[in-house]
Amino acid sequence: MNTLAFYVHIPYCVRRCGYCDFNTYTPAELSISSDLSATSRSYIDLLLREIEFAHETSTATLVPTIFFGGGTPTLMESSDLGRVISEIASKFQLAPNAEITTEANPDTVTREKLEQLRAVGFNRISFGMQSAVPHVLQALDRTHNPENVFKATTWACEVGFEEVSVDLIYGTAGESIADWEASVDTALALPITHISAYALIVENGTKLGAQVKRGEVIMPDDDQTADKYLLADEKFSAAGFNWYELSNWSKPGSESRHNLAYWNGDNWWGAGAGAHSHIDGRRFWNVKHPAAYGQKVLESGNPMHEQEILTAQEARSEEIMLQIRLVTGLQRASLSENEQRSLSSFLTDGFLDGEAWARGAVVLSKAGRLIADRIVREILL
Amino acid sequence: MPAIPLAKAPQPSLTDPAQIRNFCIIAHIDHGKSTLADRMLGITEVVEQRNMRAQYLDRMDIERERGITIKSQAVRLPWRSGIDNQEYILNMIDTPGHVDFTYEVSRSLAACEGAVLLVDCAQGIEAQTLANLYLAMENNLTIIPVLNKIDLPAAQPEKFAEELAKLIGCEPEDCLRVSGKTGAGVTELLDQIVKQIPAPVGDANAATRALIFDSVYDTYRGVVTYVRVIDGHLSTRDQIQMFSTGVRHEMLEVGVISPEPVVSKGLGVGEVGYVITGVKDVRQSRVGDTITTYNNPAKVALAGYKDPRPMVFSGLFPIDGADFPLLREALDKLQLNDAALVYEPESSAALGFGFRCGFLGLLHMEIVRERLERESNLTLISTAPNVVYTVTTGDGTILTVTNPSEYPEGKIEKVEEPIVRATVLAPSEFIGTIMELCQERRGVLLGMDYLSEDRVEIRYTLPLAEIVFDFFDQLKSRTRGYASLDYEPIGEAEGDLVKVDILLQGEKVDAFSAIVHKDKAYTYGTMMTGKLRELIPRQQFEIPIQAAIGGRIIARESIRAIRKDVLAKCYGGDISRKRKLLEKQKEGKKRMKMVGRVEVPQEAFVAALTTDADIDKAKAKAKERE
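Chains as they are written, first to last, in this note's numbering: chain X, 350 to 730; chain V, 361 to 986.
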């Protein structure tokens, strides 16, 4: 059956964190009311219009997953988020066991809000926990009280979310190994089924990027960050969370199916300002600014900004680049003799899983995951 | 007006030798030779005022930019003497001022009867000028001492007149005082050239003999050969013959430079001018050779010059391997004009295909490299310069080693290296500093003389290899720029020398091998291993870097393995971005050279082979261009 996953982008945040380079805006930046209820209605209306356009364009019939990301999706009224799910369900067909996720800020959700979200159809929730250590949270411009995360995840379970995930960030300036260990331990004590842990990336054009460039913030060295990865992987595994993608661990069966769709090269539609889509080797993305997005949608229903059609070679590069990050890895047979030979030293040096190699797969070892980009370059360049 | 319009001046080929004066100007860089020459062109009116530009005679961009003269020139200047009101022809033969080009100086001198010794009277005589002065005196040239830049507030004409008088054995009052800048004293100087310098002497009826003192390749005309006629006559009707080869050439054109080429019927005794025969390679019209006529060949050749011998060698490699043919073409072209440049193909495991080139000295090397890069739009890596070693192996085989990679393995009986006699002129306050530097560089003091109360001449023998390795930069910086240096090869001497190899993960990197004195091997080893540790990016395995003499490791460093090389996130929009980054990295990968399994960026090679002084120079240049 012809499937299409949906990503829904909500480009609003109450405030912008220093490290974040996502397409998101504060009410002040947009000169709109800080009470977003009116914006919620009008923005969701636009999304519905784009979903209609997606339906006109796409031949897909079945939607296996929907993921609401941002920004802060929970700044929208729960009923408005529900309208999006209903619209997708009415235009397409929702798979019976469809995974419907929203990202959420542990500081701003209430038990009531979580109940509403569950009621409109969400069954998976991912909280931006980042760290359990106050000075690290402060360095990230996150202000929440670490205890809120425990409350929020507990409520989420209580109101019936099937899957609860938290995001962690490591490698923040000033974070010690002990700090990170504390965050990992705290996360593992939560009632959750899934953890994402990302090494902080300093992006150009962010406040953090500028601070690093000016020398005001000194990032920890990569060796320490590598140690933190290994520490997390060790503790997660011991607690029954298995890695299934470089930065993602889950209880068996609780992998994020939506994210796997990205990595497996499935088709997905990204609705909302600046969202990216991929359909059959064509990548396209929407205009970024909410106002421009609104204008385009109202004009034609099509908010696309640009697109690229992947050549066979580009498609293959992406496939290798993405699949090597997964626990399932690459099929050796999909690589040429030369490409396989270029990997031999990585195999001998223990960067690839020897057993997997023997049964015909290229799977990264723990050390190999930490140099995945280098291994991809070795195959492709 | 003492100038004579060209049309009315004595014509080439018809000028009485008694009316001719051939002279050159000996001066140090910056002492104002080109400005004085410009002024002479102006006063004699061979260049009209409106066509005048600074450093008129310096043809190449590099000459004008660096303020130095590389190729000599000969300019015919008509002049009516203010002393006897007679008409004369002055041939001014320009000479290069740098030590690397001594051989060009000596050939200019052979075409003259006199020399103007030009000294900046704010600075005094410099070592290289002194060397050229001695050369001129050995050639029995009449020397006219001239103090230049008398208009400068810092001028000390009395002091330096004393110094010059002492050097050439005249009275301080005999030193003329001029300013090339304002023109003061230049008319008197021209008159004195006429008065003091003897007219050329030759037999107009004898078989023709003309001395080739320069040979220049011109894209449009082929080789232009500069000659000084000693006996007989050269005319366009003649077929000429090169004495050394016996090869006959048609004479396509004869002329003089005034200062643009002016075609003439011929050249007579004592005259200086050019001939064009249509040959395409300067080596067929060799400097120092004698030209005679085919119909009436002379029996005895004129005394020529020794062929210049390359003293400094370096490998030149194109950064982009695909440019190798372009580099060959560029060298071939340059050699048409520079008989002193020698080269042969070389291949380096690390740097690919290139050429091992021999140069007269460091400046020559720099100029060649700059011309190759500029004129052929190449980007080059040059390996550290080295000298020529004579190595005797245990079994008595004698090898000439111009490249460290040719250094034999196994037992070495002895190694000999070129030795020079170096002369340093400096204010006496720097005696200690200079002696310390020379001592560090394995120098042996030969002697020391005071030129004046506070200026000394210090003489040392030094291994050339020590000079090649940043000696001049050190001398300049330690004496705040006041010291000047000249050196001449005096032979070879046995040295306690070893070859130091640099190994990356146990693999020898040929480009970094060097032949050094035993006492400096450790310093070289730690310097290179340290530099490379900084320059080579971390890879997924540890990289040991070692310096070794034969099998003995003398220094080691190591580059720790990289542990993290991955971006944590890869969702929707990240995918295109990441793929594009990967495509961009392809370019970087192309610029990597593999040494064993170690990827070394090209920049690391360049930086490791570059001295700090070079980096500073490159920075300064980059700044100028901004």
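None of these hints come from the bench; they were simulated from the model.
Please note that the accuracy of each hint is not assured.
[What the hints assert, rightly or not] Derived SDA-like pairs: lysine to any residue, alpha-carbon spacing no greater than 20 Å straight-line:
1) V:Lys940 with X:Lys562
2) V:Lys946 with X:Leu730
3) V:Lys949 with X:Gly614
4) V:Lys940 with X:Pro601
5) V:Lys944 with X:Glu663
6) V:Lys929 with X:His654
7) V:Lys949 with X:His654
8) V:Lys940 with X:Gln465
9) V:Lys625 with V:Gly606
10) V:Lys940 with X:His654
11) V:Lys938 with X:Ser407
Hints, verified against the model:
1. V:Lys940 with X:Lys562: 23 Å, violated
2. V:Lys946 with X:Leu730: Given that 20 Å is the threshold and the Cα spacing comes to 6 Å, the pair holds.
3. V:Lys949 with X:Gly614: 27 Å, violated
4. V:Lys940 with X:Pro601: 34 Å, violated
5. V:Lys944 with X:Glu663: 13 Å, holds
6. V:Lys929 with X:His654: With a Cα-Cα distance of about 23 Å, the restraint between Lys929 of chain V and His654 of chain X is violated, given a limit of 20 Å.
7. V:Lys949 with X:His654: Roughly 32 Å separates the two Cα atoms, so the pair is violated.
8. V:Lys940 with X:Gln465: 41 Å, violated
9. V:Lys625 with V:Gly606: 24 Å, violated
10. V:Lys940 with X:His654: 18 Å, holds
11. V:Lys938 with X:Ser407: 26 Å, violated
Comparing the model with each earlier hint shows violations of hints 1, 3, 4, 6, 7, 8, 9, 11; every other hint is respected.
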